[in-house]
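Chemist: Here are the chains, one letter per residue:
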Amino acid sequence: MAVLKVTFTKAERDKLAHVLWVLNWISVVSGVILFGLGVFLKVEIQKRQELMSNHEIDYVPHMLLTTGIVACCINFLGGKICYDCVDTTKFLRWKLVMLPYIVCTFFFTFCILVGALMCYTMHNKLDELLYIGLRNAMRYYKDTDTPGRCYLKGTVDMLQIHFQCCGNAGYRDWFHIQWISNRYLNMSSSEVMDRVRSNVDGKYLMDGVPFSCCNTYSPRPCIQHQVTNNSAHFNYDHQTDQRNLWKGGCRQALLDHYTSIMQSISLIVFLIWLFELLVLTGVRYLQTAMENLLRQGDPDSESDGWILENSLAETARYNFNIIKNLGKCYQVDDDDPNINIPTIAQQEVPPRQILLEK
Amino acid sequence: MALMPIKFDLPKRVKLAQGLWLLYWVSVMAGIMIFSLGLFFKIELRKRSEMMDNDESHFVPNLLILVGLIACGANAFGGKVCHDSLDPAKFPKWKPMVKPYLIFCCFFNVLLLVTALFCFLVQFSIYFALAEGLKNGIKFYKDTDTPGRCFMKRTLDMTQIEFRCCGNNNFRDWFEVQWISNRYLDFSNDEVKDRVMSNVEGKFLMDSVPFSCCNPGSPRPCIQHHLTNNSAHYDYDHRIEELNIWTRGCREALVAYYGGMLNTIGALVVAVVVLESADMAGLKYLTTSLETMADPENPESESEGWLLEKGVKETFSDLMEKLKSMGKGNQVEEGEAAATTS
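Just so you know, the protein sequences line up as chains A and B, in that order. Every letter in the first sequence is one number past the one before it in this note's numbering, and letter 96, counting from 1, is 81. Add 2 to the 1-based position in the second sequence for this note's numbering, that's all there is to it.
Keep in mind the hints are simulated off the structure, nothing from the lab. In this text, a Cβ means the ideal position worked out from N, Cα and C, and glycines have one as well. Among the clues, some could well be false.
Pairs of lysine to any residue, SDA-like flavour, derived with a Cα cap of 25 angstroms [unchecked claim]: (1) A:27 to A:242; (2) B:9 to B:88; (3) A:232 to B:146; (4) A:32 to B:160; (5) A:232 to B:156; (6) A:232 to B:224; (7) A:32 to B:164; (8) A:232 to B:183; (9) A:0 to A:85; (10) B:141 to A:205; (11) A:232 to B:160; (12) A:232 to A:108; (13) B:205 to A:242; (14) A:188 to B:321; (15) B:286 to B:308; (16) B:95 to B:12; (17) A:232 to B:145; (18) B:49 to B:142; (19) B:141 to A:242; (20) B:195 to B:222; (21) A:188 to B:224; (22) A:188 to B:236; (23) B:137 to A:85; (24) B:49 to A:143; (25) A:188 to B:195; (26) A:188 to B:222; (27) B:141 to A:232; (28) B:97 to B:236; (29) A:232 to B:164; (30) B:324 to B:311; (31) A:32 to B:165; (32) B:286 to B:27; (33) A:232 to B:186; (34) A:188 to B:233; (35) A:32 to B:217.
Chain B is faced by these chain A residues, among others (derived, beta-carbon under 7 angstroms) [unchecked claim]: (36) 33; (37) 129; (38) 133; (39) 142; (40) 143.
Produce the entire structure from the sequences given, and follow the hints as far as they go.
Modeler: Shown next as structure tokens:
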């Protein structure tokens, strides 16, 4: 008893083949879109790679890239097959390839689904990477004379200006690190020496933030030094003045930015997966219809198409038996008189003796 | 003697018609491109109209939008004529319209050239608008409590950050204006009082710039106050320090930005003029080759196509004669009327 059987006339078969040919070409475009999304994500991650502690999340864009290329190839082949299915003579060329093609494509669509899920679950990994990356970037902010770190100041400043954020979790993070290089500190000044000696690590800490933390919406010129000292500035209360510096931390800002990108990408990939499944169903119907047509012999007659020839349970049992018997083909069949079965005594002894001697 | 005559047979005519149809559709795309460029330029002017004192002229982008739309329409019509040209049943419908259409295209090309010229010339107007607008912007930077000017601070800060510039001509423009509002100045402080009294207008002037002038690429944390005072900062010489704040003025930066945009648009308009001229030449060849078929009933007959029926000089003198006779037409009638009455 076939699963979801549909009967096709010759005209319907031709139309199905044409429609599937067009749909396969649209799927090639969707494969290109997948590839493009992978490239886009890779570029976005690359742009801020200095702020991420390592390259662990590179697997997500790479997965999208490879899936996109493979999808293009598979759908290109599918389009060629469907185009040839209109003609029964040309179909014979592809007859043996079609079933493996359908099975492979079915498993491949799972890869697409896995890609979509990966995008969705990247969130947690990213949080951790950004925390460590930003902490290091802020620590090395002052090292503009150290090769390999000299661009971190510019990167962090541009990040804070562009994403309207300050520090890792908030602006107070800047109070705990020395962000002014010793090159620009007058070590002979008593004030500087006091500050340096006032903490265990000998760092010049102060309640000041870099200029990139300044909020452009503030009605008053930016106060970046002595931020927590109300008496240092006229008519200033740091607890009520909310608009002087950017309030949010850069980790949250970056996380939100990447999360929204990932969510859009995973939605698009999910839709592409559904579309691929649809095309695959159509190709399966076409394949079974063409095979039944060949079995009947008359190229203009009606034929049946289905998803599975027998019910799901029977097909599963049948395939399971095939896999079991694949393993059995190397085992000796006791009823076959043509095979000379050696006795057990000849087989066992020699290898064991060698081992014992050693 | 015709100008640049070419012999045509049927396959050549068909090829010309098809190629011309394709070229007309490319020209429609070019028209859409000019339309969208005009729209883009209009939006860019709007975005920074505060920097130009809300005084900028939108004549050029409006002209570009209009010209783009006309180009689309005219080229679509030309494409339709080409498409129908090889069908002897449909072509006679379009035949009488071809000559006025070609004259219209001529004038349209002149309009396109004038538009390109305006694109290049409007840069001067933008320069003066920006000079005035930025001067006022810097003056009103501190007025964040005055309705109508309260966003000037943010706009100017964002402009300086985005275009990497400081002040109107350079950063010293900030030294001549009071950019800190009196609300944030402690007038009981002696230092403040000294500064205010040190100049005629009673403004609190200082050698400092806003934070948006800071260059993120500087190796040292930004120095925005006491810029000209070397002793106020450790290891600092304002004469050799080039990376601390942006040295370029915002007028120069914005003019360069708009100038680049306008030069590109002008060059593209000139390219479209060349494309339109090619379209006109092709259409003239096609229509003349269809008219001069040796045997009108036989589509495979040979024919000749040209750009002008007579040479350039003769066509020009014919045109002058026609214009003169149009003017004289009224005079002759008067003379005859006088003759009949007298």
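Chemist: Now tell me, hint by hint, if it's right for this structure.
Modeler: These are the hints, each one checked on the structure:
no.	hint	in the structure
1	A:27 to A:242	holds (14 angstroms)
2	B:9 to B:88	holds (17 angstroms)
3	A:232 to B:146	holds (20 angstroms)
4	A:32 to B:160	holds (22 angstroms)
5	A:232 to B:156	holds (17 angstroms)
6	A:232 to B:224	holds (21 angstroms)
7	A:32 to B:164	holds (18 angstroms)
8	A:232 to B:183	holds (23 angstroms)
9	A:0 to A:85	holds (24 angstroms)
10	B:141 to A:205	holds (15 angstroms)
11	A:232 to B:160	holds (18 angstroms)
12	A:232 to A:108	holds (23 angstroms)
13	B:205 to A:242	violated (44 angstroms)
14	A:188 to B:321	violated (89 angstroms)
15	B:286 to B:308	holds (7 angstroms)
16	B:95 to B:12	holds (21 angstroms)
17	A:232 to B:145	holds (24 angstroms)
18	B:49 to B:142	holds (19 angstroms)
19	B:141 to A:242	violated (37 angstroms)
20	B:195 to B:222	violated (32 angstroms)
21	A:188 to B:224	holds (20 angstroms)
22	A:188 to B:236	holds (18 angstroms)
23	B:137 to A:85	violated (74 angstroms)
24	B:49 to A:143	holds (22 angstroms)
25	A:188 to B:195	violated (37 angstroms)
26	A:188 to B:222	holds (17 angstroms)
27	B:141 to A:232	violated (29 angstroms)
28	B:97 to B:236	violated (84 angstroms)
29	A:232 to B:164	holds (21 angstroms)
30	B:324 to B:311	holds (16 angstroms)
31	A:32 to B:165	holds (20 angstroms)
32	B:286 to B:27	holds (17 angstroms)
33	A:232 to B:186	holds (22 angstroms)
34	A:188 to B:233	holds (24 angstroms)
35	A:32 to B:217	holds (20 angstroms)
36	33	violated (15 angstroms)
37	129	holds (4 angstroms)
38	133	violated (14 angstroms)
39	142	holds (3 angstroms)
40	143	holds (6 angstroms)
Comparing the model with each earlier hint shows violations of hints 13, 14, 19, 20, 23, 25, 27, 28, 36 and 38; every other hint is respected.
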